[in-house]
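Protein chains: 4
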Amino acid sequence: MGETLKVGVLGAKGRVGSTICDGVEAAEDMELVARIDDGDSLENLVSAGAEIVVDFTHPDVVLENLEFLVGHDIHAVVGTTGFTEERLEKVRGFLSKHPGTGVLVAPNFAIGAILMMRFAQQAAKYYPSTEIIELHHPRKADAPSGTARLTAELVGQARKDAGLGEQPDATSTELDGARGAEIEGVPVHSIRLTGLVAHQEVLFGTEGETLTIRHDSMDRTSFVPGVLLGVRSIKAHPGLTVGLDNFMEF
Amino acid sequence: MGETLKVGVLGAKGRVGSTICDGVEAAEDMELVARIDDGDSLENLVSAGAEIVVDFTHPDVVLENLEFLVGHDIHAVVGTTGFTEERLEKVRGFLSKHPGTGVLVAPNFAIGAILMMRFAQQAAKYYPSTEIIELHHPRKADAPSGTARLTAELVGQARKDAGLGEQPDATSTELDGARGAEIEGVPVHSIRLTGLVAHQEVLFGTEGETLTIRHDSMDRTSFVPGVLLGVRSIKAHPGLTVGLDNFMEF
Amino acid sequence: MGETLKVGVLGAKGRVGSTICDGVEAAEDMELVARIDDGDSLENLVSAGAEIVVDFTHPDVVLENLEFLVGHDIHAVVGTTGFTEERLEKVRGFLSKHPGTGVLVAPNFAIGAILMMRFAQQAAKYYPSTEIIELHHPRKADAPSGTARLTAELVGQARKDAGLGEQPDATSTELDGARGAEIEGVPVHSIRLTGLVAHQEVLFGTEGETLTIRHDSMDRTSFVPGVLLGVRSIKAHPGLTVGLDNFMEF
Amino acid sequence: MGETLKVGVLGAKGRVGSTICDGVEAAEDMELVARIDDGDSLENLVSAGAEIVVDFTHPDVVLENLEFLVGHDIHAVVGTTGFTEERLEKVRGFLSKHPGTGVLVAPNFAIGAILMMRFAQQAAKYYPSTEIIELHHPRKADAPSGTARLTAELVGQARKDAGLGEQPDATSTELDGARGAEIEGVPVHSIRLTGLVAHQEVLFGTEGETLTIRHDSMDRTSFVPGVLLGVRSIKAHPGLTVGLDNFMEF
Numbered sequence: 001m002g003e004t005l006k007v008g009v010l011g012a013k014g015r016v017g018s019t020i021c022d023g024v025e026a027a028e029d030m031e032l033v034a035r036i037d038d039g040d041s042l043e044n045l046v047s048a049g050a051e052i053v054v055d056f057t058h059p060d061v062v063l064e065n066l067e068f069l070v071g072h073d074i075h076a077v078v079g080t081t082g083f084t085e086e087r088l089e090k091v092r093g094f095l096s097k098h099p100g101t102g103v104l105v106a107p108n109f110a111i112g113a114i115l116m117m118r119f120a121q122q123a124a125k126y127y128p129s130t131e132i133i134e135l136h137h138p139r140k141a142d143a144p145s146g147t148a149r150l151t152a153e154l155v156g157q158a159r160k161d162a163g164l165g166e167q168p169d170a171t172s173t174e175l176d177g178a179r180g181a182e183i184e185g186v187p188v189h190s191i192r193l194t195g196l197v198a199h200q201e202v203l204f205g206t207e208g209e210t211l212t213i214r215h216d217s218m219d220r221t222s223f224v225p226g227v228l229l230g231v232r233s234i235k236a237h238p239g240l241t242v243g244l245d246n247f248m249e250f
Numbered sequence: 001m002g003e004t005l006k007v008g009v010l011g012a013k014g015r016v017g018s019t020i021c022d023g024v025e026a027a028e029d030m031e032l033v034a035r036i037d038d039g040d041s042l043e044n045l046v047s048a049g050a051e052i053v054v055d056f057t058h059p060d061v062v063l064e065n066l067e068f069l070v071g072h073d074i075h076a077v078v079g080t081t082g083f084t085e086e087r088l089e090k091v092r093g094f095l096s097k098h099p100g101t102g103v104l105v106a107p108n109f110a111i112g113a114i115l116m117m118r119f120a121q122q123a124a125k126y127y128p129s130t131e132i133i134e135l136h137h138p139r140k141a142d143a144p145s146g147t148a149r150l151t152a153e154l155v156g157q158a159r160k161d162a163g164l165g166e167q168p169d170a171t172s173t174e175l176d177g178a179r180g181a182e183i184e185g186v187p188v189h190s191i192r193l194t195g196l197v198a199h200q201e202v203l204f205g206t207e208g209e210t211l212t213i214r215h216d217s218m219d220r221t222s223f224v225p226g227v228l229l230g231v232r233s234i235k236a237h238p239g240l241t242v243g244l245d246n247f248m249e250f
Numbered sequence: 001m002g003e004t005l006k007v008g009v010l011g012a013k014g015r016v017g018s019t020i021c022d023g024v025e026a027a028e029d030m031e032l033v034a035r036i037d038d039g040d041s042l043e044n045l046v047s048a049g050a051e052i053v054v055d056f057t058h059p060d061v062v063l064e065n066l067e068f069l070v071g072h073d074i075h076a077v078v079g080t081t082g083f084t085e086e087r088l089e090k091v092r093g094f095l096s097k098h099p100g101t102g103v104l105v106a107p108n109f110a111i112g113a114i115l116m117m118r119f120a121q122q123a124a125k126y127y128p129s130t131e132i133i134e135l136h137h138p139r140k141a142d143a144p145s146g147t148a149r150l151t152a153e154l155v156g157q158a159r160k161d162a163g164l165g166e167q168p169d170a171t172s173t174e175l176d177g178a179r180g181a182e183i184e185g186v187p188v189h190s191i192r193l194t195g196l197v198a199h200q201e202v203l204f205g206t207e208g209e210t211l212t213i214r215h216d217s218m219d220r221t222s223f224v225p226g227v228l229l230g231v232r233s234i235k236a237h238p239g240l241t242v243g244l245d246n247f248m249e250f
Numbered sequence: 001m002g003e004t005l006k007v008g009v010l011g012a013k014g015r016v017g018s019t020i021c022d023g024v025e026a027a028e029d030m031e032l033v034a035r036i037d038d039g040d041s042l043e044n045l046v047s048a049g050a051e052i053v054v055d056f057t058h059p060d061v062v063l064e065n066l067e068f069l070v071g072h073d074i075h076a077v078v079g080t081t082g083f084t085e086e087r088l089e090k091v092r093g094f095l096s097k098h099p100g101t102g103v104l105v106a107p108n109f110a111i112g113a114i115l116m117m118r119f120a121q122q123a124a125k126y127y128p129s130t131e132i133i134e135l136h137h138p139r140k141a142d143a144p145s146g147t148a149r150l151t152a153e154l155v156g157q158a159r160k161d162a163g164l165g166e167q168p169d170a171t172s173t174e175l176d177g178a179r180g181a182e183i184e185g186v187p188v189h190s191i192r193l194t195g196l197v198a199h200q201e202v203l204f205g206t207e208g209e210t211l212t213i214r215h216d217s218m219d220r221t222s223f224v225p226g227v228l229l230g231v232r233s234i235k236a237h238p239g240l241t242v243g244l245d246n247f248m249e250f
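Protein chains in written order, with full-length UniProt numbering: chain A, 1 to 250; chain B, 1 to 250; chain C, 1 to 250; chain D, 1 to 250.
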């Protein structure tokens, strides 16, 4: 492995940030050189020699953080939300004068969710039938989940690209809602159950066989392996990258 | 085991009937003494010494068959559909003069489906959350399936009896249908997928844990063990019995 | 619901104890009147008016605790381990002079695990084939888990009681270990996977159909509903009760 | 879709062959022009105008069949077993003089099994833990199944290529066989259950999340979509192709 990566964390005292700090400290190929939170100066990152900084902070401050980081040729792995195309354009502006620096902005760091979506896209064209079941705790406000919507859109597009028509379905008597919500021709079913965390199944069926891809996110630490993958990969990817899947091989 | 049961089958040439004949012949404690189909005389059952007769025929002829069987003190295991309360009353009439003879009329011979429903009833009161997912081939006309409806009614009633209120569900933004159909307060989701046969999951959730009961019916032979259970039990249960669950211990 | 139960917790500052305190406080029909830990006097339970006390402490102190509680006619729900028959006999001794007081000692408060085992016992006699898969985090020292062993013993006994013989298995070429460990004639398979918590599936198979009972324990809070069930039930069960299943209806 | 493919089937009266005939007849873009079985002349294929012939026959006759087919510039899709490297070399010999003709030889036509193996290979490097559970009917002679062995080898190789070490496993007390058979460092567990057909799960785990890929083969028709895919693809792939995965995009 050789080299040890010097990593700083912004928002280090928050729930997410402290989990990332634990993950960096447990990684044999990384050293946590700076924990920064509200009130700490970003200069500490420079003096600590941070090469890569993880930012799970707030939309209000993330652009300022990135301007500083890129300006000091520090690579960034960003899980902060709220990145519109306009905001991404600003990041590209920062990077234009620092062509060797990399910034990863990713809406989803769960490796399993990314693989599930990719595999679903790959499988879609071979199956006349596809449905999605997502299962979450009952405190969730939206149904279906964002991941389920995105999966349905990707699968629906793959079906279209392959020239598949409507899914076979002889339902003539339906109790309202039984067949789920339809997104791009793909039925999506949302389960809300005390005790669950975040889970999704994509089911494919053809003559005599089915294929099921299931992702279970058991707790909040599930984004850590994805963040570490981002940290390990960012130096080799200068410029702006949107989506962790760009650092994955399939 | 001792005794060998002498069994006759009505509708023996049909798909279902011939599967039952195979099952009876494979059972070590049974002897198939008569295969009867259209055009054969019921008297053959008597001359063959049938003690128990299985009837998977047609609503048009089943009452006539039962009158004959009971009149000759032959026990009957009946999977033929269409038994209204009025029809059951007629069977009770046949039996009134033959108190030692038994007739089992059952809408469902899949032992696993019966166990699933029973367990779901037993578990219901311990869980704030319950949902049902049923999965079938896409040629099915009704959604949800009859078994899913019945399960939801049983579970919903058990929840009521236990004083459980509404299920926790913070959904505030729902794409129409995502949360399924509601039956007695229990969400039911219907999946239709090429390659599937008949499957159902009942999911229960409470703080930090879930319990799932799943029944998979892989092919048409799945009713055979239930029919054989009926054949083995009927002699000990004179009179009319409705539902195979009455012959099962839980 | 009427009455509010006044509950005290021993070992209230430990991880388990504080989780129980949270659970009691969240329950509408309970009031947490005392949190006791090392150094606190048990007399506080009396002055606080505790009717029922939960003890998840240590084998070294639990008998002393119970002598005090029973002596003051306070009911006890006990998850502390290490109860041999000799120790249970001592508890019976305490209770002999307080016939109206109840003590529940339970090795397992996960309601789902108890239901899974009960349902597995009930289903066993209807299926020629039964296997158990248990899945845990890779830090677990024993394989199979204690729950899997107990389930296999219960299912194996139920098979014997029903006169079932050996399970069908034509395996003639086996890579060592592929068919799992055998406990009372039931194959048990142990999966160890990062990211898992504690999970178990019991699979039953007969001609054309299978039945699966699955329990997923997602996090440490999964014993709370069982403890609360114990608290709600103990007043109606004077004397010593071993096992939470005695307070459950099936 | 345009063009209709003219297809012949060898071994058309066998169980497999007749299922393929049904599949070809049901396909809108194919026409079944010849059903050949023992005693029929292969010349019938030529006179019927077959462009592509499916061969699920016997190792004793398949080379003769292929020599005839290639000699008449008829493409072949072959599921017959027993193809050693020596036999494949003979097929290459036939093809050397017919560069426009294609022959597909595939050991496995179940698309879902191929996708499962491919996805498992792709996912392997992202997960410290991987285990395989395969589930079959109890008449199966070998444990683990051939597909499970192959999957374990592919996953084990992918782990090695990614520099992953041994899987985490703190098991210190094991009942013999509980942790399964080990193939290339991957534990494999074999379930044998009446009622099952052919099923496999590949489980991956990392911090806080798991990914599961499951393939269920419900009945014998599950190879048909793969055979049809071979028929649709073979004209564009002159020469010898070994493995249906070469005609699939991932």
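Don't take every hint at face value.
Which copy? The list can't say, so a pair holds if one copy fits it or any two copies do.
To be verified - Using 30 Å as the maximum straight-line C-alpha spacing, the simulated DSSO-like pairs for lysine-lysine come out as follows:
| # | residue 1 | residue 2 |
| --- | --- | --- |
| 1 | Lys140 | Lys90 |
| 2 | Lys235 | Lys125 |
| 3 | Lys97 | Lys6 |
| 4 | Lys140 | Lys6 |
| 5 | Lys235 | Lys97 |
None of these hints come from the bench; they were simulated from the model. Note that the coordinates shown come from a computational prediction; the quantities given were computed from them, not determined experimentally.
Here is what the structure says about each hint:
1. In the homo-oligomer, the alpha carbons of Lys140 and Lys90 never lie at most 30 Å apart, since the shortest distance is 32 Å inside one protomer and 49 Å across protomers.
2. With identical chains, the CA atoms of Lys235 and Lys125 are at most 30 Å apart between copies only, with a shortest distance of 20 Å across copies and 36 Å within one.
3. In the homo-oligomer, the alpha carbons of Lys97 and Lys6 lie at most 30 Å apart inside one protomer (23 Å), although the nearest pairing across protomers, at 62 Å, exceeds that limit.
4. Proximity of Lys140 and Lys6 under a CA criterion of 30 Å is satisfied in neither setting, with 37 Å inside one chain copy and 33 Å between copies.
5. In this assembly of identical chains, the alpha carbons of Lys235 and Lys97 lie at most 30 Å apart only when taken from the same copy (16 Å versus 52 Å across copies).
Hints 1 and 4 from the list above are not met by this structure, while the remaining hints are.
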